[in-house]
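Heads up: the sequence lines are chains A and B, in that order. Numbers given in the numbering used here equal positions in the first sequence, counted from 1, plus 4. Numbers given in the numbering used here equal positions in the second sequence, counted from 1, plus 29.
Please keep in mind that the hints were generated in silico from the structure rather than gathered at the bench. Source: prediction; values computed, not measured. There may be inaccurate statements among the hints.
Stated by the list, open to error - Simulated crosslink set (DSBU-like; lysine-lysine; CA at most 30 angstroms straight-line):
hint, chain 1, residue 1, chain 2, residue 2
1, A, Lys293, A, Lys246
2, A, Lys543, B, Lys255
3, A, Lys561, B, Lys228
4, A, Lys576, A, Lys561
5, B, Lys255, A, Lys545
6, A, Lys547, A, Lys576
7, B, Lys255, A, Lys563
8, B, Lys228, A, Lys569
9, A, Lys543, A, Lys563
10, A, Lys547, B, Lys255
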Amino acid sequence: MDLDHIRNFSIIAHIDHGKSTLADRILELTKTVSGREMRAQVLDTMELERERGITIKAQAVRVTWKGHELNLIDTPGHVDFTYEVSRSLQACEGAVLVVDAAQGVEAQTVANAYLAIENNLEIVPVVNKIDLPQADPDAAATEIAELVGGKPEDVLRISAKTGAGVAEVLDAIVERIPPPSGDPAAPPRALVFDSSYDQYRGVVAFVRMVDGAFAAREPLRAMAQGTRFEAEEVGFFSPTMKAAETLGAGEVGYVITGLKDVSRLRVGDTLTSERNPAPEPLPGYKDVKPMVFAGLFPTDSDDYPDLRDALERLKLNDAALFYEPETSQALGFGFRCGFLGLLHMEIVRERLEREFDLDLLVTAPTVAYRVLERNGEWVEVHNPAEMPREVDAVEEPYVRASIIIPKDYVGPVMELNNDRRGRFDHLEYLSPERVLLAYELPLAEIVLDYYDQLKSRTRGYASFDYDLAGFREGELARVDILIADEPVDALSMIVHRDAAYARGKALVERLRQEIPRQYFDVPAQAAIGSRVIARETIKAKRKDVLAKCYGGDITRKRKLLERQKAGKRRMKQVGAVEVPQEAFLAVLNLNDGSKR
Amino acid sequence: MRPPLLGSKQLPAFDRSWPGSTAASAKPPRPLSGIASDASVRHLYVHLPFCAHRCGYCDFVTVVGRRSQHAAYVDGLLAELELERELLAPQLETVFLGGGTPTFTEPRELERLLAGLPAAAEVTVEANPETVTPVLAALLRRSGVNRVSLGAQTFRPALLRVLDRVAGPDDVRRAFYHLRDAGFDNISLDLIYGIPGQKPSDLDADIDEALALRPEHLSCYELEAKPGTRFTHAHGEELQRQAEAMEGYFARVVETLVGAGYRWYETANFCRAPAAEGRDLRSRHNLAYWQGRDYLGLGIGAVSTVRGTRWRTTPRLGPYLTALREGQRPLRELEPLPEAVRRAERLMLGLRLDEPLPLAPVAEELDARALSRLERLGLARRTALDGGAAATPGEREGALTLTTRGRLLGDAVTADLLA
Numbered sequence: 005m006d007l008d009h010i011r012n013f014s015i016i017a018h019i020d021h022g023k024s025t026l027a028d029r030i031l032e033l034t035k036t037v038s039g040r041e042m043r044a045q046v047l048d049t050m051e052l053e054r055e056r057g058i059t060i061k062a063q064a065v066r067v068t069w070k071g072h073e074l075n076l077i078d079t080p081g082h083v084d085f086t087y088e089v090s091r092s093l094q095a096c097e098g099a100v101l102v103v104d105a106a107q108g109v110e111a112q113t114v115a116n117a118y119l120a121i122e123n124n125l126e127i128v129p130v131v132n133k134i135d136l137p138q139a140d141p142d143a144a145a146t147e148i149a150e151l152v153g154g155k156p157e158d159v160l161r162i163s164a165k166t167g168a169g170v171a172e173v174l175d176a177i178v179e180r181i182p183p184p185s186g187d188p189a190a191p192p193r194a195l196v197f198d199s200s201y202d203q204y205r206g207v208v209a210f211v212r213m214v215d216g217a218f219a220a221r222e223p224l225r226a227m228a229q230g231t232r233f234e235a236e237e238v239g240f241f242s243p244t245m246k247a248a249e250t251l252g253a254g255e256v257g258y259v260i261t262g263l264k265d266v267s268r269l270r271v272g273d274t275l276t277s278e279r280n281p282a283p284e285p286l287p288g289y290k291d292v293k294p295m296v297f298a299g300l301f302p303t304d305s306d307d308y309p310d311l312r313d314a315l316e317r318l319k320l321n322d323a324a325l326f327y328e329p330e331t332s333q334a335l336g337f338g339f340r341c342g343f344l345g346l347l348h349m350e351i352v353r354e355r356l357e358r359e360f361d362l363d364l365l366v367t368a369p370t371v372a373y374r375v376l377e378r379n380g381e382w383v384e385v386h387n388p389a390e391m392p393r394e395v396d397a398v399e400e401p402y403v404r405a406s407i408i409i410p411k412d413y414v415g416p417v418m419e420l421n422n423d424r425r426g427r428f429d430h431l432e433y434l435s436p437e438r439v440l441l442a443y444e445l446p447l448a449e450i451v452l453d454y455y456d457q458l459k460s461r462t463r464g465y466a467s468f469d470y471d472l473a474g475f476r477e478g479e480l481a482r483v484d485i486l487i488a489d490e491p492v493d494a495l496s497m498i499v500h501r502d503a504a505y506a507r508g509k510a511l512v513e514r515l516r517q518e519i520p521r522q523y524f525d526v527p528a529q530a531a532i533g534s535r536v537i538a539r540e541t542i543k544a545k546r547k548d549v550l551a552k553c554y555g556g557d558i559t560r561k562r563k564l565l566e567r568q569k570a571g572k573r574r575m576k577q578v579g580a581v582e583v584p585q586e587a588f589l590a591v592l593n594l595n596d597g598s599k600r
Numbered sequence: 030m031r032p033p034l035l036g037s038k039q040l041p042a043f044d045r046s047w048p049g050s051t052a053a054s055a056k057p058p059r060p061l062s063g064i065a066s067d068a069s070v071r072h073l074y075v076h077l078p079f080c081a082h083r084c085g086y087c088d089f090v091t092v093v094g095r096r097s098q099h100a101a102y103v104d105g106l107l108a109e110l111e112l113e114r115e116l117l118a119p120q121l122e123t124v125f126l127g128g129g130t131p132t133f134t135e136p137r138e139l140e141r142l143l144a145g146l147p148a149a150a151e152v153t154v155e156a157n158p159e160t161v162t163p164v165l166a167a168l169l170r171r172s173g174v175n176r177v178s179l180g181a182q183t184f185r186p187a188l189l190r191v192l193d194r195v196a197g198p199d200d201v202r203r204a205f206y207h208l209r210d211a212g213f214d215n216i217s218l219d220l221i222y223g224i225p226g227q228k229p230s231d232l233d234a235d236i237d238e239a240l241a242l243r244p245e246h247l248s249c250y251e252l253e254a255k256p257g258t259r260f261t262h263a264h265g266e267e268l269q270r271q272a273e274a275m276e277g278y279f280a281r282v283v284e285t286l287v288g289a290g291y292r293w294y295e296t297a298n299f300c301r302a303p304a305a306e307g308r309d310l311r312s313r314h315n316l317a318y319w320q321g322r323d324y325l326g327l328g329i330g331a332v333s334t335v336r337g338t339r340w341r342t343t344p345r346l347g348p349y350l351t352a353l354r355e356g357q358r359p360l361r362e363l364e365p366l367p368e369a370v371r372r373a374e375r376l377m378l379g380l381r382l383d384e385p386l387p388l389a390p391v392a393e394e395l396d397a398r399a400l401s402r403l404e405r406l407g408l409a410r411r412t413a414l415d416g417g418a419a420a421t422p423g424e425r426e427g428a429l430t431l432t433t434r435g436r437l438l439g440d441a442v443t444a445d446l447l448a
């Protein structure tokens, strides 16, 4: 196919605005799938994706429309996956921006539109769900035109559900989106924009051919890493894998590498031919770093090897997942894991529990901190327990947050943001009724329960998105929790100095309720360095004996003791104090929820 | 004191395969296999389930009223005794009649039962104050009973009502003097503390009232609100609210009674000190339980432990009577007691006593590190056993005693000590 007849595009939208439905209709209309094969959300293969209605992995499907080859590169819709969105967008020349006719522009619409503009993509704006009774296509079209520039009348009006207007979308893709540029005669170069792992065929690379062509059986090389392999097969998705003889310039498809080790082929690398190598690789993606961290521990310590295997396997398909072994005296052996954001964490956790049948204990999420040590060196800290006690400065990640709300909720949301150390940036009226609030917020303030709070203060009307704005210095302190003068690593936290007292107090109060009384008084303390900021005492128990024990009571009493004994085996030892794992759980849950 | 009854649903299903439990057998049943006919059991418990009414907090096997069945029940007990007589030593040490309310049993039937039971050095009957008349006291006395355990529970009228008790404070005093007048020189009083609404001053007053009667023996129990009882349903929440305030009651009871010259010889039991009395006033029958001796229990719901097997007789009156009328053993739940379990029980029960527990017999079940920790915390003490230079290896292991605090925390301490 010559370049002029190829179009590579993505569909971008806020969650539930109809991206997947539109993709389904396109597959149907172009007869890529027959009606019989059609099921909702064909592109979302993972069970979890189908259930949550979100897309995790980017995929590329080739369809044919009026003599043109259109490659639809699917993108994840959620904020945590900005990384994957931008990867997908780099493989395209255009994007269909979908907005719900009843909801209008939402926070993710804005974030995704900006990403598309940053990547120099031609945007095809679409208002969807015009069949809904509460639809206001004109208002939505005006909002979208204002966002991306252009005239409201250029915004297409469709119903992906009924199929109305979808053909016009395909026409607009052909007419408005430019064909790919690239040199079919040059030495081949292909950008790896994603990969997947198949246990029989090894690493499958999703590529966008820029120059030249690849053929099956051709020896290839990943330019940055130097990995060499033979292309076992090349082809494209339509929507299932279809082998082809070649992949040519401008096309999107896959290369089966046969590599058994996913780390040998990085997303963002450039593939070239071994026989006719390109002199320069394509510009790669910036390496994204996980920003949200949490400890994952198996509830049953015997499951540790299973957890390790499961993380290894998840990592094969999730380059953004980071993990390293972590040992906690309170929780045993586990892993400190890094995630792009909260949803990413939630999805990894659910996949571990659901697909690998693991029972997990997750510590309160924290963020990556940059710490200037006394020796003048900057180090990154992912675990409060590793934060040096003596530091010259601490920096924490901030995000630029866009919050779109009905104007009546501006007050409550500003109050929430102030509580969370937010810095107001600006306020914008998207329409007479709807407001965009732009704030800078510390990431640490949103990882716990910000989204829940936001939803509850706006009766569910708020939409929220963020992207990272870099590190800023903060008045942060490491708060340690001590039980009977022994620090408990799993409970250490890094908090703003102003919040340290309240957080420490809530935590030791909870510990007092959760730790069973011992033979002696047990102090539970929160401390910054050697300074105790909150203290509670778990009073020694004064009596623990069944009053009555005669001939008929002996068996019952013995069984009670056996149970008591079994309970003790599940206790974690903190110094001289026995603490049930449930107590840690309860305290960690507190961190998770309504601590403020 | 209290009848040896097991909480229900704890043991394996009733065993129907016993020799003699099949209806076809005409011969008298043979003794349980594994329990040799070697007559060795020296302690006999007899359960008399009848009560005038059921107290709300009670979870024992009781039968309300049914006066017409008292005679049949005594027939059953005596028949059961005959079936098991081979287990009993020629001379028993103790017999204990518990309930229920043994003294609510028709006097004629009670007398017939006592006449049919083997003699023993200590024969105890539990009595409710309202049932003790001079006539009944005399009946017990002439039937060979030499110890009475009187269920006083409390002397506060309001608290008695909370417990559904029929007797008033004066009934308790009157019953006590009737017994004294009949010649009983070994009387025990039961007290209950931790009753909903009981203030520390109520507790002090109860102990004072009890001490004023100068009983030889006192049993003091914390009220156990067992799940499922009418009482727990009515008072459970209140008890939970009071739990912390009442935590000190046990220590208060111990302190007061020890101060008054009583020996705290078992977790819940006190007796006048031997030095003042010239005789050992501990309950010999109950000591048998705590020292891990074998005992035979007769009657519905009664528990026996005879060399490595424990069993509990059916708690149902009808089937019990039917089986014995036909010369069969009633249905029983069996629980085998392997050596390790018996050692664990020895430890658990032995630590309730004030006497040092020899360590050698229980050493295998003992967590040595836990013991050292408890010693450091001042809850347990290892002592030498007498034996001097000629000490056997067992004696050199020494013995274990819990301190006062250790005894107040006895269950936690025992759970720690069990390996």
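Of the hints given before, which are not true for this structure?
-> 1 and 8
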